[in-house]
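Since the structure of chain A is provided, determine the placement of chain B on it from the hints.
Residue numbers (our numbering), protein chains in the order written: chain A, 458 to 572; chain B, 54 to 169.
Simulated from the structure, these hints should not be mistaken for laboratory data.
The beta carbon of each residue, even a glycine, is placed where N, CA and C say it ideally should be.
There could be a bad hint or two in this list.
Stated by the list, open to error - Reference listing, derived: stretches of chain A covered by chain B, where coverage requires no fewer than 3 residues with Cβ under 8 Å from a Cβ of chain B: (1) 494–502; (2) 546–558.
What the hints assert, rightly or not - A few chain A residues that face chain B, going by a derived Cβ cut-off under 7 Å, partial list only: (3) Phe563; (4) Asn565; (5) Gly566.
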Amino acid sequence: KAGVTQTPRYLIKTRGQQVTLSCSPISGHRSVSWYQQTPGQGLQFLFEYFSETQRNKGNFPGRFSGRQFSNSRSEMNVSTLELGDSALYLCASSLDMGQGNSPLHFGNGTRLTVT
Amino acid sequence: AQKVTQAQTEISVVEKEDVTLDCVYETRDTTYYLFWYKQPPSGELVFLIRRNSFDEQNEISGRYSWNFQKSTSSFNFTITASQVVDSAVYFCALSALRGGYQKVTFGTGTKLQVIP
Chain A
458 KAGVTQTPRY
468 LIKTRGQQVT
478 LSCSPISGHR
488 SVSWYQQTPG
498 QGLQFLFEYF
508 SETQRNKGNF
518 PGRFSGRQFS
528 NSRSEMNVST
538 LELGDSALYL
548 CASSLDMGQG
558 NSPLHFGNGT
568 RLTVT
Chain B
54 AQKVTQAQTE
64 ISVVEKEDVT
74 LDCVYETRDT
84 TYYLFWYKQP
94 PSGELVFLIR
104 RNSFDEQNEI
114 SGRYSWNFQK
124 STSSFNFTIT
134 ASQVVDSAVY
144 FCALSALRGG
154 YQKVTFGTGT
164 KLQVIP
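Isolated chain A (complex conformation) (with noise of 0.2 Å):
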């Protein structure tokens, strides 16, 4: 089974500049959730997605947002690109059975630099 795949690896943009990232979850799995990391703040949760609707939302400013498709591919897309907005961002996919107690299963992640 193929894990869960974010696309591209590595970006480098300019401030003012926006950015979309890709993510494929694993087959099957109908969540998909978004993190931001860097070194001082650790894993910051952005959003969460299931059957296309967001289901819940991190304190993020509304230049980060994000979609669902039908096949459970989602994106984030990232406006008016700023310098602390560097980060490698995650992306993580789970079965989500309404138990909430399903593993995340994460993307190696996208690694942005804004210049």
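Below, chain B without anything else, positioned relative to chain A:
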């Protein structure tokens, strides 16, 4: 509110030493689940173990063991005879069902360096 505390930011041990990574949690839920994940330098977090709040049995898997103590709200992780390949960041996480969805809270992680 859920909270997970991993007080050890970084630990260095010499190969073959035993090491314990601490995890303390806070929750008001009666049913909850605890996890450990490993993040090697490649970046991908790997799921290691899950325990539910009703199962306090310790678990051993090879050189890895986990000690869940509800009385102290702790879920500690011990690596016996550490190896260089164990060098990684380890995250403890807590999840529970909230409003129909799974809410996950991660600790800040403990970076383990195993020196050859």
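Right, here's what the structure says about each hint:
1. 494–502: With 3 residues close enough to chain B, the hint holds.
2. 546–558: With 8 residues closer than 8 Å to chain B, the region 546–558 of chain A meets the three-residue bar; holds.
3. Phe563: holds (4 Å)
4. Asn565: Holds, about 5 Å.
5. Gly566: holds (5 Å)
Of the numbered hints listed earlier, not one is contradicted by the structure.
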